Amino acid sequence: MHSFGYRLNGLLTFAVTILALMCVIASLSDNLNIPSPSAEIQIMNINWFQKQPKGSDEVSLRMNISADLQSLFTWNTKQVFIFVAAEYETRKNSLNQVSLWDAIIPAKERAKFWIRSSNKYRFVDHGKNLRGKEFNLTLHWHVMPKTGKMFADKIVMSGYSLPEEYI
Amino acid sequence: MDWQGQKLAEQIMQIMLLVFAVTAFVAGYVLGSFQMMVLVYAGGVTLTGLITIPNWPFFNRHPLNWLDPSEAEKHPKPQVTVISKKKGSKK
Numbered sequence: 001m002h003s004f005g006y007r008l009n010g011l012l013t014f015a016v017t018i019l020a021l022m023c024v025i026a027s028l029s030d031n032l033n034i035p036s037p038s039a040e041i042q043i044m045n046i047n048w049f050q051k052q053p054k055g056s057d058e059v060s061l062r063m064n065i066s067a068d069l070q071s072l073f074t075w076n077t078k079q080v081f082i083f084v085a086a087e088y089e090t091r092k093n094s095l096n097q098v099s100l101w102d103a104i105i106p107a108k109e110r111a112k113f114w115i116r117s118s119n120k121y122r123f124v125d126h127g128k129n130l131r132g133k134e135f136n137l138t139l140h141w142h143v144m145p146k147t148g149k150m151f152a153d154k155i156v157m158s159g160y161s162l163p164e165e166y167i
Numbered sequence: 001m002d003w004q005g006q007k008l009a010e011q012i013m014q015i016m017l018l019v020f021a022v023t024a025f026v027a028g029y030v031l032g033s034f035q036m037m038v039l040v041y042a043g044g045v046t047l048t049g050l051i052t053i054p055n056w057p058f059f060n061r062h063p064l065n066w067l068d069p070s071e072a073e074k075h076p077k078p079q080v081t082v083i084s085k086k087k088g089s090k091k
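Chains as they are written, first to last, in my numbering: chain U, 1 to 167; chain Z, 1 to 91.
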């Protein structure tokens, strides 16, 4: 430590190493948080339900999404990314997932909300399997940290179904 | 800085950084603010730098006793006599 440069280098490297350790501990502290989120989705209306010219079924629906995701936020949370997916089974595939809507929640205050919206992304099938189909609507969320591990989880809501004939 | 001063500077630096790191983390966690942790830590690093990096006088309390120049003249450096043993050369 015999010169200005040596001491400066020593200080900076030690400071950055300790900062990395602090970030690791901050990420580990996220595990202490036990979230208790809740969500509800109602299908208000089926706008239309058509067969596309190329042959695939497509449906447009209007949803009322309400959720309370405030317990997901910790001091180490940057934002929460949520999306709603429709999940159903066909003869060809045991699981089909179609993302209908998503949003980014930047702060805890905005995590308790309701929104009425038609699907942001097209609900299209691979084929003509949607008539009378029963499906689940699942709200997925990804808790994105400021530093460290990202947590992802979901709530499955079942009991939705599409009309028997095209509208 | 003298040797004792260098050791002192290194010790002060390590201890101060660790103390500020713990303080910053606790402050950030209790207040629920990541930004607070980073700000307290950055302030701590700067303060530690101001105390340990420049050559303050209190780091030089055990100065080394270099030999006085007039003393050195009284004891001239011994001359090294070179005995060359090259083949085929006569001096």
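One or more of the hints may lead you astray.
[As the list claims (entries may be wrong)] Just the calculated beta-carbon pair ranges, DEER-fashion:
{"#": "1", "chain 1": "U", "residue 1": "127", "chain 2": "Z", "residue 2": "26", "range": "54 to 64 angstroms"}
{"#": "2", "chain 1": "Z", "residue 1": "65", "chain 2": "U", "residue 2": "4", "range": "20 to 30 angstroms"}
{"#": "3", "chain 1": "U", "residue 1": "12", "chain 2": "Z", "residue 2": "85", "range": "46 to 56 angstroms"}
{"#": "4", "chain 1": "U", "residue 1": "4", "chain 2": "Z", "residue 2": "62", "range": "15 to 25 angstroms"}
{"#": "5", "chain 1": "U", "residue 1": "33", "chain 2": "Z", "residue 2": "43", "range": "22 to 32 angstroms"}
{"#": "6", "chain 1": "U", "residue 1": "51", "chain 2": "Z", "residue 2": "36", "range": "55 to 65 angstroms"}
[Unchecked claim] Far from chain U, by Cβ distances over 12 angstroms, these chain Z residues were calculated:
{"#": "7", "residue": "46"}
{"#": "8", "residue": "68"}
{"#": "9", "residue": "72"}
{"#": "10", "residue": "80"}
Because the hints were derived from the structure by calculation, they are not lab data. Quick caveat: nothing in here was measured; it's all calculated off a predicted structure. Beta carbons are placed, not taken as given, at the ideal position from N, Cα and C, and that holds for glycine.
Check: If you check the beta carbons of residue 65 of chain Z and residue 4 of chain U, does the distance land in 20 to 30 angstroms?
Finding: holds (24 angstroms)
Next item on the list: Just tell me: holds or violated, for the beta carbon distance of residue 51 of chain U and residue 36 of chain Z against 55 to 65 angstroms?
Entry: Because 57 angstroms falls inside the window, the suggested range holds.
Notebook entry, point to check: Is it correct that the beta-carbon of residue 46 of chain Z has no partner in chain U closer than or equal to 12 angstroms?
Noted result: violated (10 angstroms)
Check: Hey, does residue 68 of chain Z actually stay past 12 angstroms from chain U on C-beta?
Finding: Nearest chain U Cβ is 23 angstroms from residue 68 of chain Z, so the label holds.
Notebook entry, point to check: Measuring from beta carbon to beta carbon, are residue 33 of chain U and residue 43 of chain Z in 22 to 32 angstroms?
Noted result: holds (28 angstroms)
Next item on the list: Confirm or reject the claim that residue 12 of chain U and residue 85 of chain Z have a C-beta distance inside 46 to 56 angstroms.
Entry: holds (55 angstroms)
Next item on the list: Confirm or reject the claim that residue 127 of chain U and residue 26 of chain Z have a C-beta distance inside 54 to 64 angstroms.
Entry: holds (58 angstroms)
Notebook entry, point to check: Taking 12 angstroms as the cut and beta carbons as the points, is residue 80 of chain Z off the interface with chain U?
Noted result: holds (30 angstroms)
Margin query: Is 15 to 25 angstroms respected by the C-beta to C-beta distance linking residue 4 of chain U and residue 62 of chain Z?
Written below: At 20 angstroms between Cβs, range holds.
Check: Taking the closest pair, is the beta carbon of residue 72 of chain Z still more than 12 angstroms from chain U?
Finding: The claim stands: residue 72 of chain Z keeps its Cβ more than 12 angstroms from every Cβ of chain U (closest is about 23 angstroms).
When the structure is compared with the earlier hints, a violation turns up for hint 7 alone.
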